[in-house]
Each structure stands twice: as C-alpha cells, then as structure tokens.
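Asker: The lines below spell out each chain.
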Amino acid sequence: MHDFVQYVESYLGSDKTPGAAGNVFWATVYVLLVFVGLSVAVIAMNWLERKILAHMQVRLGPMRVGPHGLLQPIADALKLLLKEDIIPDGADKIVFWIAPFIVVLAAFTVFVVVPFGPTHAITDMNIGILFMLGVSSLSVLGIVTAGWASNSHYPLIGALRSSAQMVSYEVAMGLAVVSAILMTSLNATNTGTLSMIGIVEAQKQQEVWFLFKFFPLGIIAFAIFAIAMVAETNRAPFDLPEAESELTAGFHTEYSGFRWSLFFLAEYSAMIAVSSIAVTLWMGGWLRPFPNLLQGPTWDLAFSLFPGLTFLFLGGMCFYNTARMPKHPLFKIQTIGLAGFGALLALIGLLMFLPPIRDRVGDIFWFSAKVAGFMYLYIWYRGTFPRYRFDQLMKVGWKVLLPTGLALLILTALVGMRTELLAQVREVLR
Amino acid sequence: MSDPNTLSPLDLDTPDKTFLDANELVINMGPQHPATHGVLRVILRLDGEKVLGLECVIGYLHRGVEKIAENRTYTMFNPYVDRMDYVAAVSNGLGYCEAVEKLLSVEAPPRAQYIRVILTELNRIASHQLWLGTHALDIGAITPLFYTFRDREEILKIFEKYCGARLTTHAFRIGGLQYEAYDGFEKDVKAFCSFVKPKIDEYEELLTTNRIWLERTRGVGVISGKDCIALGVTGPVLRASGVQWDIRKALPYANYKNFDFEIPTGQNGDTYDRYIVRMIEMRQSLRIVEQAVEGIPEGPVMAKVPKVMKPPVGEVYHSIEAPKGELGYFIVSDGSTQPYRVRVRPPSFVNLQALDIMCRGQLVADVIAVIGTLDIVLGEVDR
Chain D
53 MHDFVQYVES
63 YLGSDKTPGA
73 AGNVFWATVY
83 VLLVFVGLSV
93 AVIAMNWLER
103 KILAHMQVRL
113 GPMRVGPHGL
123 LQPIADALKL
133 LLKEDIIPDG
143 ADKIVFWIAP
153 FIVVLAAFTV
163 FVVVPFGPTH
173 AITDMNIGIL
183 FMLGVSSLSV
193 LGIVTAGWAS
203 NSHYPLIGAL
213 RSSAQMVSYE
223 VAMGLAVVSA
233 ILMTSLNATN
243 TGTLSMIGIV
253 EAQKQQEVWF
263 LFKFFPLGII
273 AFAIFAIAMV
283 AETNRAPFDL
293 PEAESELTAG
303 FHTEYSGFRW
313 SLFFLAEYSA
323 MIAVSSIAVT
333 LWMGGWLRPF
343 PNLLQGPTWD
353 LAFSLFPGLT
363 FLFLGGMCFY
373 NTARMPKHPL
383 FKIQTIGLAG
393 FGALLALIGL
403 LMFLPPIRDR
413 VGDIFWFSAK
423 VAGFMYLYIW
433 YRGTFPRYRF
443 DQLMKVGWKV
453 LLPTGLALLI
463 LTALVGMRTE
473 LLAQVREVLR
Chain S
3 MSDPNTLSPL
13 DLDTPDKTFL
23 DANELVINMG
33 PQHPATHGVL
43 RVILRLDGEK
53 VLGLECVIGY
63 LHRGVEKIAE
73 NRTYTMFNPY
83 VDRMDYVAAV
93 SNGLGYCEAV
103 EKLLSVEAPP
113 RAQYIRVILT
123 ELNRIASHQL
133 WLGTHALDIG
143 AITPLFYTFR
153 DREEILKIFE
163 KYCGARLTTH
173 AFRIGGLQYE
183 AYDGFEKDVK
193 AFCSFVKPKI
203 DEYEELLTTN
213 RIWLERTRGV
223 GVISGKDCIA
233 LGVTGPVLRA
243 SGVQWDIRKA
253 LPYANYKNFD
263 FEIPTGQNGD
273 TYDRYIVRMI
283 EMRQSLRIVE
293 QAVEGIPEGP
303 VMAKVPKVMK
313 PPVGEVYHSI
323 EAPKGELGYF
333 IVSDGSTQPY
343 RVRVRPPSFV
353 NLQALDIMCR
363 GQLVADVIAV
373 IGTLDIVLGE
383 VDR
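Residue numbers (our numbering), protein chains in the order written: chain D, 53 to 482; chain S, 3 to 385.
Just to be clear, a hint being listed does not mean it is correct.
Stated by the list, open to error - Chain D regions said to be covered by chain S (calculated; three or more residues, Cβ under 8 Å): (1) 106-116; (2) 281-291; (3) 427-438; (4) 442-448.
These are computed hints drawn from the structure, not numbers from a lab.
Quick reminder that beta carbons are idealized off the backbone N, C-alpha and C, glycines included.
Based on the provided sequences and hints, a complete structural model is requested.
Answerer: Below, the structure is given as structure tokens:
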C-alpha cells in the first residue's frame with residue numbers, strides 16, 4: 053500500500069506526461085479524464101450546434117427539454133439507447149457490428165497524444181503528429197466497412213465517396229503538416245520534431261505561432277489544413293458521404309440506435325481531434341496569447357484569471373436568462389433549473405480562481421478555447437455553404453490544394469534555409 | 003455523352019445484377035426520399051456516380067381530381083383545384099374561375115380583377131420562396147429555407163386575413179370574389195412589399211455569388227429552348243432557356259395588360275439561369291403588386307352570375323401563367339350543372355418530362371439539383 057502511494061506521488065513532481073514518465077496509474081487517470089471530457093464535449097457540441105445553427109437560421113432550436121433545451125442531448129442519448137437495434141437482413145452481420153467500433157476507436161485513440169498542456173497529455177510520442185494522422189485516417193476503414201456491410205445502394209455510394217474523399221484530402225493535409233514541421237527545425241541544433249508537445253514548444257521558443265511564421269506561408273499552410281480537415285471529417289460543405297438530400301444518410305443509412313450514435317460520437321470527436329492538430333501546429337497549442345510579448349508575473353496573473361472569468365460570464369448569462377424566463381408557474385422548474393445551472397457554472401468559475409487550480413487549468417483552458425473556435429467555424433460553415441459535388445470536391449483536393457501544398461512545402465524549405473542558401477550562392481559567385 | 007438522346011431507354015425488365023459483377027447500378031430514388039419533393043420516384047441507372055438514364059414513376063398522389071370534377075357542380079369543384087398545386091393555390095383558383103367565366107361569358111368586375119392580381123402575384127412570390135428554400139436545401143445550403151419560410155409567412159398572413167385560409171385559400175369565386183378586401187388590406191400589402199425587398203437581397207447575398215452555389219448550378223441540367231418547346235416545358239424553365247414566353251404578356255388574362263413589368267430571360271438554360279430568372283420574377287411580381295395596390299378601383303367585387311350555373315354547351319381552354327408555368331383548364335360543358343369533362347394542363351407534370359434529358363450524363367448530385375430547379379409539386383403532377 054505504501055509502495056502504491058509512493059508510486060502515485062512519485063509522478064506529482066514530474067515535468068513529463070504520465071505516459072512519458074512511465075506512470076501507469078496517472079496515465080489511466082488521464083485516459084479516463086480525456087474520455088469523460090471528450091464525451092462531455094461531444095454532448096455540449098450537440099447542444100451548441102443545434103442552438104447556434106438555429107440562431108443563424110432565425111429560429112430557437114431546442115427549447116422544451118430543460119431550460120433552453122439544455123437537457124436535449126441527454127434526452128437524445130436516452131432515446132438512441134432505447135431504440136430497437138436493427139441489423140438489416142442482408143447485411144454482413146459481423147462487419148456491420150464491427151464498423152462503428154473501428155470508427156470510434158480511431159476517433160478516440162488519437163487523443164492519446166493531444167497535448168492539452170506541457171504535462172497534460174496522456175503521453176508524448178516522438179512521432180506524435182504521424183500517430184495522429186495515421187490513426188485518424190483509420191476511420192475511413194470503418195466507414196467503408198459500414199457502407200459495404202449494409203448491403204444497400206445508398207450506403208455503398210456514401211462509403212465510396214467517403215473513401216475517395218478522405219484519401220485525397222489526406223495528401224494535401226499531409227503536405228500542410230510537413231511544412232509546419234519544417235518550421236520546427238529552425239533552432240540552434242537544426243533538428244525538428246514530430247512530437248506534439250515539441251511542436252508547441254518550438255513555437256514558444258521561436259516566439260511566433262506558425263500561423264504567422266514566414267508570412268504568408270504559414271497562413272496558406274494553415275488554410276490548406278483548415279479546408280482539408282473539414283473534408284476529412286465529412287462536414288459541410290464537404291459532407292457528401294452523408295449528403296442527406298442525395299443519399300438519405302450515406303454510409304450510416306442502415307444504422308440505428310446505439311450503433312448510429314457511435315458514428316455520431318466518432319464524427320464529433322474526429323472534429324475535435326483535427327481541430328486539436330490545427331491548434332497544436334499553427335496556433336500555439338496550449339500557449340496563452342502573447343506568452344513572450346506580455347511577460348512577467350502581472351501578465352501571468354491576468355491571463356490566469358481568464359478561465360474563471362469565462363465560467364463566471366457563462367454563469368452570468370444563465371442568470372440573465374433566468375431573469376428573462378416567463379413568469380408563469382409552468383416555467384418554475386425550468387427557471388430553477390437554469391438558475392441552478394448558472395450557479396454551478398459560477399461555482400466552477402470561482403473555484404478556478406483558487407491558485408492551485410488556476411495554475412493547472414490555464415493551459416487546458418487556452419487549448420480548449422482555441423479548439424472551440426474551430427468548432428464554431430464548423431457550425432458556421434454548415435449554416436452558410438451549399439454542398440460541393442463529388443467531382444468538384446475532387447477537383448479542389450487534387451488540382452488546387454495539392455499543388456498549392458507542394459509549392460508551399462518547397463517555398464517553406466527555401467525560406468527556412470535562406471541564410472545557408474545565400475551563403476552558398478556567395479561562395480559560388482566568389 | 004455527346005448526344006444524350008441516342009441512349010437506349012431504360013430497360014427495367016432486365017433483372018438487377020448485384021453490384022459485384024455489374025458496371026451499372028440501378029438505384030431507386032423515392033417515393034420516400036428527402037429530395038424528391040413529395041412522392042416522386044425516380045429510377046436511376048448509374049455508372050458510378052454518372053447518370054446514364056432515368057425514369058420517373060408518378061401517380062403516388064393521384065386523387066382523380068379531374069374525375070371528381072365530373073360529379074361536382076362548377077361551384078363545388080372550385081376548392082378542389084387548390085389541392086393540385088398547393089403551394090400556389092391562388093393561381094389554380096384564378097385559372098379555374100377565369101375558365102368558367104369564359105364559358106359563362108361573364109367578366110369579373112375591375113375591383114375584383116385588381117385584388118385577384120394582387121393575391122395571385124403574392125402567391126407567385128410565396129411559391130418562388132418555397133422553391134428557393136427547398137432547392138437550396140437540396141443543394142446543401144440549409145439556411146435559405148428558414149429565411150424564405152419566415153418571409154413567406156407574411157404572405158400567408160395576408161391570405162389568412164383575407165379569406166381565413168393560409169394554404170388552400172379558395173380565395174376566388176366564379177364571377178369575382180366572395181369577400182371584399184378587409185380593412186387595411188392595402189396597408190398590409192404595401193407593408194409587405196417594403197418588408198420583402200431587402201429580404202430578397204438577403205437570399206441573393208447568401209447564394210448568387212457563392213462559389214459553391216455557382217459551381218453546383220452553372221452548366222447543370224442544361225436544356226435548350228428548342229427542347230423546351232418540343233417537350234412543352236413552360237414557365238421559368240422555358241424562359242431561362244432564352245424563350246421569352248409568359249402568358250401574362252403573350253395572351254394577357256385578368257388585367258395584366260394594365261401593369262408594367264418585364265419578363266426576365268436567361269441564356270444558358272442551366273440551373274443558375276433558372277435561379278436568376280425566378281429571383282427577378284419575384285421582384286417583378288412585387289412591381290405588379292405595388293402598381294395594383296395603388297390603383298385598386300372602387301366598385302363591386304362580384305359580377306352577376308346565376309345561382310345555379312348552367313353554362314351553354316361548348317368547350318373552353320383557358321391558361322394562365324402559374325408560378326411553375328402554363329396552367330391550363332380545358333372544360334367541356336354539356337349544358338348541365340356539372341362539367342362533362344375537365345382536363346387540367348399542369349405545368350409541373352409537363353415540365354417533369356424534361357428531367358431525363360436534363361440529367362443524362364450528369365452526376366447523382368445534379369439529379370437532385372435538377373428536380374429542385376424544375377420546381378415540381380407532386381400534387382399537381384399526379385392530380
């Protein structure tokens with residue numbers, strides 16, 4: 053028992069991730085935390101997407117289940133769990149059964165290396181970014197098997213579209229990622245890194261987000277990635293595999309109940325995963341804004357107040373809306389519920405002002421805030437854009453993004469090596 | 003696919019091969035499908051994503067409206083026509099009432115004519131708004147649907163205030179109108195006109211110059227003016243192919259000759275041109291409404307028609323420009339209180355013929371776009 057406590061405590065002073073430190077206990081704790089956090093994020097995204105999309109479309113969205121529809125995702129989850137689990141007669145049962153698990157596994161496994169902070173990651177691999185890209189592209193396997201096993205035309209076409217789409221956009225995505233990785237090698241030792249934590253630390257060391265590095269090269273690489281990542285996660289305007297108006301629901305047409313909800317879960321966690329890559333590679337990961345420009349204990353303190361202030365703001369919004377609730381007796385429970393939710397958020401906000409918590413959640417907060425920005429973009433795209441046609445999608449992927457990505461990679465390399473190159477040129481000229 | 007017409011017609015009797023050993027895929031779209039605008043069933047023959055040919059299967063909503071007419075008096079049949087093109091019920095009513103009026107040789111009084119024009123043109127806007135919303139939804143833009151439905155609501159409110167019904171209005175009677183315009187009708191209509199103009203700009207802002215929208219609609223579902231005429235295609239589809247044919251101008255009915263408006267035409271006959279034509283049509287309809295509401299004369303709203311209508315023996319064909327195209331009524335009277343035969347020439351039914359020609363050689367996604375751009379209403383196709 054004493055050994056165990058010591059084993060647990062031995063990690064606390066470490067400045068490494070639990071995986072890198074080899075501490076199984078804390079790694080398990082982190083895995084559970086990430087899993088729970090991700091599930092909560094998906095549930096929150098479900099509600100937020102409906103609400104934000106609704107407000108963009110001059111309607112209210114869910115309003116009945118709980119105050120402002122806050123309990124809607126829970127009601128949906130219950131409904132999905134209680135639904136009849138249908139496997140079509142002609143389906144390949146085993147493959148049909150396995151497909152959603154492949155997708156979910158791929159979508160969740162990538163979070164092993166996502167760095168929420170310098171120590172807040174399950175583990176730190178030296179091939180982190182390759183691991184993320186590799187594992188996340190496994191989900192196409194699940195989609196193809198799902199479409200195939202359904203033994204139905206619409207899912208089959210959806211699966212074909214999906215596989216072609218994901219494979220082609222991975223190429224452009226990879227090129228954009230490589231150009232960011234090239235930037236990590238611009239240090240004294242001229243060695244780059246593929247580690248997710250290393251990439252963020254390189255940005256800190258070079259005192260610039262890779263988004264603004266070699267302007268405009270960084271922004272172009274980021275733009276390529278930002279387009280490819282939408283295609284990669286099958287979201288509007290690239291949501292052809294599940295184009296509702298064409299293929300009813302694409303590859304998951306024949307799925308229902310819990311299996312369908314697994315696809316749903318996987319889609320949203322994949323969105324979060326690719327947004328995490330974008331944040332890590334180009335937007336400084338967990339770093340707070342201006343970590344080098346606005347240095348010193350005063351600025352540190354000011355920025356560490358943000359998490360608590362955000363939660364207090366959200367709580368305040370809840371209280372404001374509680375006051376605006378209809379004063380009808382039938383709304384009593386809803387009003388109390390909303391006030392309670394606001395109180396909970398405010399309490400979390402106050403807790404975040406406590407110094408020990410404040411110091412530990414800062415990086416997670418900034419990382420999540422940046423990812424949340426991407427999540428909002430996803431919803432915004434969906435509310436604004438029509439859907440691409442299949443051939444146009446391929447055209448954008450192969451004829452626009454791929455050549456741009458290649459040119460960008462070469463340019464980044466040239467600009468990165470400009471001093472050496474110039475020295476060579478001078479040598480030759482002399 | 004240089005000449006799409008040389009393709010052999012769909013042979014649906016050959017057994018459907020499994021997709022393992024076949025290059026062609028026969029896929030059944032509808033009658034329950036989110037984008038077939040009702041219960042249209044389309045059997046597609048695909049090579050991958052490419053459409054080799056298609057066949058429409060209709061009749062799922064057949065209610066025998068024309069047969070019902072033979073067992074109803076002229077007055078009793080009037081509400082039935084609203085159920086054909088239910089998104090433009092007022093136009094249907096106008097066509098029927100005018101056809102019977104022609105048979106009876108009566109004419110609606112001027113005041114009734116003006117109110118009829120206002121309501122019909124408002125209905126045209128409502129119909130185009132519904133078309134725009136669903137068409138954009140089919141192409142994947144989900145937001146315009148809510149914008150158009152929000153604004154269409156204002157039109158339906160005017161209808162509701164006028165006659166109590168919102169959708170199947172039964173607004174007109176043979177010989178004029180049953181109801182005098184309510185107090186504040188002119189004010190409401192004027193308010194609507196100034197309300198909806200910026201809203202149409204708003205729709206255009208979302209779509210007209212949207213890159214993806216352009217790519218999805220330009221060069222999609224092209225049909226030439228010649229083909230349109232050969233197939234009998236009318237309405238905005240015909241005009242987008244460059245043929246300036248609008249019955250409101252060509253064979254003026256009601257009192258359309260009193261109003262100043264333009265007939266928009268396109269050049270390419272593609273989905274984008276049809277979109278533009280309909281957008282301009284909405285603005286032109288507003289123009290007509292504004293002129294009409296300024297000039298409503300005083301007077302009765304009902305002509306002298308007999309209580310029991312017994313039109314003289316004979317036949318009449320009367321057509322109007324419904325939002326979807328030429329809507330014609332052919333009525334044969336045997337001198338009794340009930341028509342001997344009523345034949346409706348619905349624009350949706352005739353326009354749907356063009357689906358095959360417009361879709362061959364295109365992709366599956368284009369079939370959806372083309373069904374949307376044809377603006378069909380299955381209630382009218384099947385009757």
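Asker: Determine for every hint whether it applies to the structure shown.
Answerer: The hints, checked one at a time:
1. 106-116: Holds, because 4 residues of the stretch 106-116 of chain D bring their Cβ atoms closer than 8 Å to Cβ atoms of chain S.
2. 281-291: holds (count 3)
3. 427-438: holds (count 5)
4. 442-448: holds (count 3)
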